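Protein chains: 2
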Amino acid sequence: MIDYAKLALQKHKELRGKISTVNKDGLDTKEQLSTYYSPGVGAVSSYVAEHPDELRDYTWTNNLVAVISDGSAVLGLGNIGPEGAMPVMEGKAMLFKHFAGIDAVPIILDVHTPDEIVAAVTAIAKSFGGINLEDIAAPQCFEIEERLKATLPIPIMHDDQHGTAIVTLAGLINSCKITDRKLSDCKIVLVGSGAAGTAIAHLLNEYAHPEIICVDSKGILYKGREGINSEKEKLLAYTNPHNVEGSLEDALTGADVFIGVSQPGLLTAEMVKTMAKDPIIFALSNPVPEIMPDIALAAGAAVIATGRSDFPNQVNNALAFPGIFRGALDNRVRSITNTHKIKAAEVIASLVESPTRETIIPPVGDSRLVPEIAKVIT
Amino acid sequence: MIDYAKLALQKHKELRGKISTVNKDGLDTKEQLSTYYSPGVGAVSSYVAEHPDELRDYTWTNNLVAVISDGSAVLGLGNIGPEGAMPVMEGKAMLFKHFAGIDAVPIILDVHTPDEIVAAVTAIAKSFGGINLEDIAAPQCFEIEERLKATLPIPIMHDDQHGTAIVTLAGLINSCKITDRKLSDCKIVLVGSGAAGTAIAHLLNEYAHPEIICVDSKGILYKGREGINSEKEKLLAYTNPHNVEGSLEDALTGADVFIGVSQPGLLTAEMVKTMAKDPIIFALSNPVPEIMPDIALAAGAAVIATGRSDFPNQVNNALAFPGIFRGALDNRVRSITNTHKIKAAEVIASLVESPTRETIIPPVGDSRLVPEIAKVIT
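Which chain is which? The protein sequence lines are A and B, in order. Add 336 to a position in the first sequence, counting from 1, and you land on the number used in this note's numbering. Add 336 to a position in the second sequence, counting from 1, and you land on the number used in this note's numbering.
Chain A on its own, in the form it takes in the complex:
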């Protein structure tokens, strides 16, 4: 068993950073210096100043994404601040390059209110062809992404929300195939209404309008419950149509699908047994899922997906974001829409020709993912 904590500390210190920049041409001759810098570059600057829409044709912005975080919700570590976020953002930049050939620059923000974050990102946005927001805590992440999308003409995606939602939808599409269900007829219990949970609910509703019941630390989310914030009010606009109250156990009785983006061990075998026949379980708490796969299967689960690479059916954002940004950049998409997300989920699902309970989503290394997803982001 590899001690990844130790190995990671070792390798990071040894490499002193995981990414680097390179020049696309030499600067050894006077001709090169005069072409790429003064005086030649002056003509390019003048031209681009007069034709700002062509900025991407003349600069690296056509293939460039910023990976931006304020460090308020880093992996499972919580609000550890911008410095702590940097290794993850640099890792994400590596993923962009490795999977999609996209240049990515990690940016950590030392400001934390939505106003300040929106101001900082807006100020630097023209430097990039797209923006991947990462590891920003809920509920601020919703407002920040919405406001940036409303004003900036480049693709912006908070991956913790939408990457997870897209891959979850892809997995559910194939899980329904296996269990002979229609997603629109499913009763889905969704536990955890942070960034990922909220985005999953919105996307499932957009796609198939199933019956969704959200559950958080206070139990079932229902109209009239005390202390509902505006994001939860948005969820209540379409979830819990019969406005039932109660606990997770109450919600689960007869449910077709459990989706957890909450905490380790929340789901017991007993609860699984109260669900509908052949229940579908997405236990996405990471690294320790809401229920371990062997327990879920023994209790009757037809499909179990987790966030882990050492079990089958890993719900991994890296299935979605590389292709989405590849397509958004190549096709000069100005905004990533729900339609894009649904199409991406359908592509991911379709890449598994014959879904089985152990293969509802393709592996991260599937080389068809990026080009096929990119095609539908237009």
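FYI, nobody ran anything at the bench for these hints, they're computed from the structure. Since the structure is predicted, the reported quantities are computational estimates derived from the model, not experimental observations. Just to be clear, a hint being listed does not mean it is correct.
Since copy identity is lost for identical chains, a pair holds within one copy or between any two.
To be verified - Think about it this way: if two alpha-carbon atoms lie no more than 16 Å apart in a straight line, the pair counts; the simulated EDC-like pairs of lysine to aspartate or glutamate are:
(1) LYS342 to ASP586
(2) LYS679 to ASP451
(3) LYS554 to ASP702
(4) LYS570 to GLU542
(5) LYS342 to GLU367
(6) LYS554 to GLU569
(7) LYS366 to ASP646
(8) LYS570 to ASP552
(9) LYS570 to GLU482
Given chain A, put chain B in place with the hints provided.
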């Protein structure tokens, strides 16, 4: 004669950007993914969050500079905005990589007041090991740099100011050697009190306290003149000790040195003839200098330097900034001081073993520049 405008437009469009990112290691195996991203990176993030001073030991920030501009004073093009600035900033990033092996990321700002620029740069500063401010108009550039230096614990340098000042000082040190002068005894006429002119005056005063007379579009700068802004008041604290009034011609009579960072053709042969014997001329307006070298030499100039690569003695910032940031990053310098700038100028001057009127500064390609300058930035 190469048409660099045409060639530059062609090559920029062909390459679609001049820089790119690369990963320092592969991500092909599960072990690599788990080391550089989840779960291994979590240990690095936790560690860095607890030891933020060690951020640079574990991330690319140890070798990373941001090249930041709001596009308000791009090359000779003026206030052409952030898009127009991008090709120059990307070119500067190339120079950083080529000359000093430093990773550099161009950032263009879509905000323009000092408050907004300071806020945006402060918000993103932890993402970088150093900040090169570029092509920001005077007088805002002074306030912006000062405020950022006062609060951020990383090296920050507005290169248009200090790069030019450092190389000018280096050239003057050797020009004085050739003409058997002491810089402290020189009478220097400095025309143009924008970013570069102001920084040159400050650095010369710090180094040798010569007699400096500043001249701008309204003539000699003197105490009591109308409409003096705070930056010009700072200049008046030590320039023009006899508080003379008058025109450029008046200032030049008997002067040892002319330094122009102003406009083409400002200096005539007649004016040169009124200067002291063996005058030193730095005609740095670019691409067309204040006086052409052949005219200056015919009028009696002992030394003529310009900003152009096709004449001898090119005053080029690229002689200074690569080594300065190389040293600042390697030696974990938290602020670039006047002492650093003076030492850098002395190093540059010292690399010309036997200065002649045609060689007062080394060529940009001199491979000793970066390591020798870096040694004194401690």
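Outcome of the hint check:
For the homomeric pair LYS342 and ASP586, neither the shortest alpha-carbon distance inside one copy (43 Å) nor that between copies (72 Å) is at most 16 Å. With identical chains, the CA atoms of LYS679 and ASP451 are never at most 16 Å apart, being 32 Å at best within one copy and 43 Å at best between copies. When the C-alpha separation of LYS554 and ASP702 is checked against a cutoff of 16 Å, the pair qualifies neither within a copy, at 40 Å, nor between copies, at 69 Å. In this assembly of identical chains, the alpha carbons of LYS570 and GLU542 lie at most 16 Å apart only when taken from the same copy (13 Å versus 63 Å across copies).
For the homomeric pair LYS342 and GLU367, the shortest alpha-carbon distance between copies (13 Å) is at most 16 Å, but the shortest distance inside one copy (48 Å) is not. Proximity of LYS554 and GLU569 under a CA criterion of 16 Å is satisfied intra-copy only: 15 Å inside one chain copy versus 65 Å between copies. Taking identical chains as interchangeable, the C-alpha atoms of LYS366 and ASP646 lie at most 16 Å apart only when they sit on different chains, with a minimum of 10 Å there against 54 Å within one chain. In this homomeric assembly, LYS570 and ASP552 come within 16 Å of each other (Cα to Cα) only inside a single copy, at 15 Å, whereas the closest approach across copies is 62 Å.
Within a single copy, LYS570 and GLU482 get their C-alpha atoms as close as 14 Å, which meets the 16 Å cut-off; across copies the closest is 46 Å, which misses it.
Hints 1, 2 and 3 from the earlier list are contradicted by this structure; the remaining hints agree with it.
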